[in-house]
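Please arrange chain B on chain A, whose structure you already have, making use of the hints.
There are 2 protein chains.
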Amino acid sequence: MTDLMKNMDRLFEPKTVAVVGASANPDKLGFHVMKSLVRGGFAGRIIPVNPSGAEIMGLPTAASLADHRGEIDLVIVVVPAGGVREVFAECAGRDVAGIVLITAGFKEIDDPAGAELHEELLAALAGKPIAVIGPNTYGFVNLIADLNASFTPEFSSLKKGSLAIVTQSGGISHLLGFLAQEAGLGVSKIVGLGNRLNVDFPEMIAYLMEDHHTKVIVCYLEGMENPRKLVETARRYRGKKPILVYKAGKAKIGNRASLSHTGTLAGRTELYRGAFRQAGMLEIDDLATLLDTARALSVCPLPAGPGVAILSGQAGCGMVAADVCEAEGLNVISFSKATQERINELMPPIAYRNNPVDMGPAWYDAARMQMIVQAAMEDEQVDMIILLMMFASANVAVLAGIQDLLRDWRQRKPLISCLLAPPGIWEKEINYLQGQGALVNYPTPERAVRAAANLWRLRALNLKA
Amino acid sequence: MTDLMKNMDRLFEPKTVAVVGASANPDKLGFHVMKSLVRGGFAGRIIPVNPSGAEIMGLPTAASLADHRGEIDLVIVVVPAGGVREVFAECAGRDVAGIVLITAGFKEIDDPAGAELHEELLAALAGKPIAVIGPNTYGFVNLIADLNASFTPEFSSLKKGSLAIVTQSGGISHLLGFLAQEAGLGVSKIVGLGNRLNVDFPEMIAYLMEDHHTKVIVCYLEGMENPRKLVETARRYRGKKPILVYKAGKAKIGNRASLSHTGTLAGRTELYRGAFRQAGMLEIDDLATLLDTARALSVCPLPAGPGVAILSGQAGCGMVAADVCEAEGLNVISFSKATQERINELMPPIAYRNNPVDMGPAWYDAARMQMIVQAAMEDEQVDMIILLMMFASANVAVLAGIQDLLRDWRQRKPLISCLLAPPGIWEKEINYLQGQGALVNYPTPERAVRAAANLWRLRALNLKA
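Chain order of the listed sequences is A and B.
If you're matching positions, the first sequence starts at 1 in the numbering used here and goes up one per residue.
If you're matching positions, the second sequence starts at 1 in the numbering used here and goes up one per residue.
Same shape as in the complex, but just chain A (with noise of 0.2 Å):
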């Protein structure tokens, strides 16, 4: 382990935390990363570093960070650009793991007074392996720490899980984690990079493949100096965990913003293409889809292939889902002769009884309904199942009369579903087996298959490593 990861294990579970700028004012940043780490419950120590010395949410302040003689692991500067230098300096001068730079005004300025203070904060570490978070960045969480060393307090009532989020943008990163709030997905760390100064996308999933709360690695990327670095990194750990990527930046004007965002043009988007599958990483270009891949991670296993039973509850779903198969790469299949002949036997010949299955006549019967999905389960060339079922009043007692099999099954092949009721209903079914890892559901059957189609993505990408 480099001396800069060793540093990166104090910068994410620090026992003491500095904040240079620390601020009683509202309209300051100082006041919510004050508020972000007190309220956030951190249990370590909490210095509030201001040159007026007044206690600061009841905290006793340092006048400097050099005023404060003991043990700092991390130090979290929000001052003006101009006074960053000599807070890096002092940094350097003493035993601090992690700096997280909150302050923008460096290489993403037009000025080029900013790339040069950029090599100025690189310079006034001086060799030493500070991990540096930023700069211009809201910070990072570590949920699992109670550790908030942001700017955004809010981000404390996230649930606590095993996504971890990493971004270029601050922005997204509060999209996605917002967005995995209301889906009730779980999130381990949220880190937001800024503009690099040494810590970049190949140290973090370095960090993030060893950390033990992370399961998943979500990465938002608009460009980077050293795209091969990052590719040797993942590459290095291809197959332990899987990271999904969106890369933004691909129109011309995304481009040019790119540039003054965060000091780096995005470059060519074939060339990062390319890079990502060499490295097993899933580029998916949707945010709204990369939860979804990222929620369908956290619960279900990867399928052994692309085969596909679509059960569902009324027909027009099916169809729509098939539709969707098709164009994902997903294989609707033909089902054996004896799975056929068993499903025959359940359903009347009103019902369209191939793949995919329109169950709506077995709406009454969960018994007859809980053994066509096992017949599909037991079918070896299914891989995965699609569970499509809209509430229909008649069919409320379905869901209960078929979890116990779900349940049973949970583990051994995914089961993606789109069940959707009005508020209120399905919702302790929905909870109970998602809570089980026996399902993943979503709201319209087009978001559950291209879930469905990453996961084998996924599987496909790491197969022919």
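No wet-lab data here; the hints were simulated from the structure.
Worth double-checking, as some hints may not be accurate.
Heads up, simulated BS3-like pairs for lysine-lysine below, C-alpha to C-alpha not over 25 Å straight-line [claimed, not checked]:
#, chain 1, residue 1, chain 2, residue 2
1, B, K337, A, K252
2, B, K413, A, K428
3, A, K35, B, K252
4, B, K252, A, K337
5, B, K229, B, K215
6, B, K241, B, K229
7, B, K428, B, K160
Positioned in the frame of chain A, the structure of chain B alone reads:
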């Protein structure tokens, strides 16, 4: 107006409704239909018809349709297929305006007897212009009239509004209904056409074009015997009300399932695509986008052109939106010199001040932010505004600060937003602004841009006409 159209008026706004096959047994669809009518608050007369003659839900029951001598506008039929012809003959012998035929087992089954029965039903109407919804349908709901003529009582809890949903699949009707409910989108009518005995898409579109309660029409279509009639009808009303259409059965396998589902081959995609375009109907290939677009239409005016200003609280979200704008055919315009100067004065050089504008540095100053939005609004090249902002604690007051301006500009240029925050934050402001018709909000930048692009497509489709 044809006699069928006059009868459709009485079908959708009846004074008296009879339910043939009404039941007190919750295992029967006839129970759920009764519950829909009674719980849905229908103010007219309800006549349960059941040979037992026992009261159902406190209502006196007729032993047969013939036994009830008074006027009947609408007959809902939930008896087995074999008993339907007799009911139709009775309806034809008296002044019934419409029938909802929930019973399945006609043209959609493999057995040729099904197709024969279909023809027999037509014959049983004896040339009378009785409007029939179905067979093989859940029914319909007219929310404005508190009339739930379906087997899903929960449809009555949907919000009243101006969106009509017409589908060839009960499942998709339920899906779109529940998604509309979740999105707070008001609905006028939901109609399940099923196998379309004599009320098909052309008849429904002609009816809804004259329906004062309906402003936007959404269709889910699998396949039709006579697409030409649909095109002719839609063209006749071209430009009067927007029609959005989702066409299922694009995949080979979906097409095969369609024949079984509603007795019609889904047919060639390209043929339908051309027909929709000719008719000024906007085809949308994703169910979520279909409703997202309907929601935009329920709030915003149509844009005069494809010119977009992206105003973003965080640079990353602006980049994502710019990428999607380019992919969707919107034009992220270059501001006029005057607009750009106004924006430059309001923002520090640290920000990206071109389109997409990174308004981040103005978070603490809602007045400045408001002036930026106004400058963009007033630029003649800007046909639409895409406003993106992720809550970040420090920007909590921004939305309240600019809401007067947004309200003042309502209905002048579409303002499509992605404003996202943890639960409880900004909800009041967003609901207020949506209620005022000042903006329409989506959970991701992509969904916002796709809805915006569809507003422009709809305008362009009808400009060419």
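So, going through the hints one by one against the coordinates:
Under the criterion of a C-alpha separation no larger than 25 Å, the hint pairing K337 (chain B) with K252 (chain A) is consistent with the structure, at around 21 Å. Restraint check for K413 (chain B) and K428 (chain A): not satisfied, since their Cα atoms lie roughly 43 Å apart, outside the 25 Å limit. A distance of roughly 57 Å separates the Cα atoms of K35 (chain A) and K252 (chain B); the hinted pair therefore is violated under the 25 Å criterion. Taken as a hint, the K252 (chain B) and K337 (chain A) pair is honoured in the structure, with Cα atoms around 21 Å apart against an allowance of 25 Å.
Note on K229 (chain B) and K215 (chain B): the hinted pairing holds, with a Cα-Cα distance of about 22 Å set against a maximum of 25 Å. Distance restraint check for K241 (chain B) and K229 (chain B): the Cα-Cα separation of roughly 18 Å lies within the 25 Å cut-off, and the hinted pair is therefore satisfied. With a CA separation close to 20 Å, the supplied pair K428 (chain B) and K160 (chain B) stays within the 25 Å bound.
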